[in-house]
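Participant: So the protein lines, in turn, are chains X and S.
Here the first sequence is numbered in the numbering used here, starting from 1 and rising by one per residue.
Here the second sequence is numbered in the numbering used here, starting from 1001 and rising by one per residue.
Since the hints were derived computationally from the structure, they do not count as laboratory data.
The reader is advised that the hints may include incorrect statements.
Stated by the list, open to error - If you want the footprint, here are the derived chain X segments under chain S, 3+ residues with CB under 8 angstroms: (1) 190-197; (2) 300-309.
Claimed, not checked - Some chain S residues judged to face chain X by a derived CB distance under 7 angstroms, without partners named: (3) Arg1088; (4) Arg1090; (5) Glu1119.
None of the values given here were measured: they were computed from a predicted structure.
Cβ atoms here follow ideal geometry from the backbone N, Cα and C, with glycine treated the same way.
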Amino acid sequence: MLNFVVRRLLAILPVLLAVSLLTFLIASLLPGDLAYVILGDQATPENVAALRRDMGLDQPLWWRYLSWLGHVLQGDLGRSFRTGQTVLQAVAERIPVSLELMLMAEFIGLLIGVPLAIACAARAGGAFDRFMTGSAFAMLSMPSFLTAILLIYLFAVELHWLPATGYVPFTEAPLANLRFFVLPALTLALAEWPGIMRVLRSDMIATLQEDYIALAKAKGLKPSRILFVHALKPSSLTLVTVTGINIGRLLGGTLIVESIFALPGIGRLLVGAIYTRDLVILQGVVLLVAAGFVIVNFIVDMLYAVLDPRIRHGHA
Amino acid sequence: MSPPLLTIENVAVELPTPRGNLRAVDHVDLSLEAGRTLGIVGESGCGKTMLSRAVLQLLPRQAKLTGRVMFDGHDLVRLKPESLRRLRGRDLAVVFQDPMTSLNPVLTIGTQLMETIQEHLELDAPSARKRSIELLAAVGIPAPEQRLAQYPHQCSGGMRQRIAIAIALSCEPKLLIADEPTTALDVTIQAQILDLLAREQRRRHMAMIIITHDLGVVAGRADEVAVMYAGRVVERAPTQALFKRMHMPYTEALLAAIPKLDTAPHTPLPAISGRPPDPTRPLKGCSFAPRCRYAAERCREAKPELKGAEMPGHLYACFHPIQMAEGIGA
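Sequences and hints are given; from them, build the entire structure.
Facilitator: Here is the structure:
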């Protein structure tokens, strides 16, 4: 098992390196000279040249990359030339919002998707299954801004149950904080559950054809035990993958949902950085988000081993 | 004579397919008394597995089952799911063909053994564990205590089939259905597994159905043999009587198709030529007629009924039964 963990960890390193290179290139190859952006239209060529020298922009690309990478490895991702905040500070400020949103959205998504998938698979092809598969398809094709507006209209405007927009930190007012998160999380969850349901449903249907499920029935086990103990675990590998990808994606913030609900998360930090050409922030945040994604996928790999002993023992 | 433990009456199984209904089992009657062994023999696709699934009520959902399966006073076809569940695993147990797929890969052997015991017998976890260890020891698994914490993939095929047998035996069933229990195993293991089944069957005085394509498997182990072809029982007899004097040409062909050690090298095996009839297009006459070397006009026109031979308990479905004067050794 330890061997397995170490092997997977070593495999992450080249991925992270490639990610850092790509991040750097994207930021560097964006049109427009950073020095002009900072100094504005009225800058003299001398000023620009001086700033370029100060920032090392006159150095060749590979040198700038290595020097940036060197700083990153020492934990220094740079500092915004607009706000003076370091990348880490900016991210630390925003990440609790995106994390909370992600956790709530995934939780609600799984809460809806998993039981529906099991219920559909248990009677595959039945009326309920056909209805839910159709509904999932309809939900998949609904854009999140539409869901968001409909939810705001229903729960905030008509029913006055929940606030439409806003945010308070959890530490200041836990309950109010949660109330602010319900609608955005629900918006995301409504987009997540169809994927969760479809993946788990089809894996469950395949598993239920297995010999060991027939044997479990022949052993006279309760239907609930067959579904939840014998069928769910071997069917959940793809589900774990999909959930991992979802989590990784939501980790980077959700531009549209954070904007609609006025949540100060990573998504809005990134958009802001793009609008203001704050390349240091952009570069740093993208790198951190990508690293988060890679780490989530590493955890997913570990979960495979937990779910399937054959992977743990290196048989599959 | 006490009433039989299992009676299969006029059982037919139809499966809908895109090419029309497939008649997997075609009106089969069989019975089995407590403590006895019945062998069901036939080639792939003859309906023997579907028949066993019909007894276990494990047919695919779209399958249509007609007829009656009486087991220990219960009509299994009409039994409520909850009552059926209490019967399965406890009085009615099964060992499937392939132990590589019949054990759950993500659950430990201990879990898979103990869950059956705890479902049907009122035992707490330590007693169920103790019983599991005894069962594993009884089916010949060394170091049974260590095995409980292991997963199926950590055991060999023969080992897994022993575990599957231990699971089947765990609640002292009255009937054990072994569906090709050795087909997926190495030849060297096959005899061991069959002997194990026979020994446990005698020791526990349970009834057993052995399903196989190999007449040799049932030869020394079954009290009675039913030969199936194209969904029907075509010959049925006490094992001794069958091997002494088989009447159905198909049975003869099946026996001839078994390789023998004493034939000279490079002798072609007398395989049964042709293929079984398409089960979605039933023949008017005898299903075996197209492949039978004794077939006459009548065989293609009418279906022979299963009828009694001169020996009591010996039934066959053939217009031109072969009557061998000398018994042949099995």
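Participant: Please go over all the hints and tell whether each is borne out by the structure.
Facilitator: Verification of the hints:
1. Look at the segment 190-197 of chain X against chain S: 0 of its residues bring a Cβ nearer than 8 angstroms to a Cβ of that chain, fewer than three, so the hint is violated.
2. Three residues within the 8 angstroms Cβ limit are the bar, and the segment 300-309 of chain X against chain S gives 3, so the coverage statement holds.
3. The criterion of a C-beta within 7 angstroms of any C-beta in chain X is met by Arg1088/S, whose closest approach is roughly 4 angstroms, and the hint holds.
4. Contact between Arg1090/S and chain X, as hinted, is supported at the beta carbon level, the nearest pair being about 6 angstroms apart and thus within 7 angstroms.
5. With its C-beta approaching chain X no nearer than about 6 angstroms, Glu1119/S sits inside the 7 angstroms limit, and its interface hint holds.
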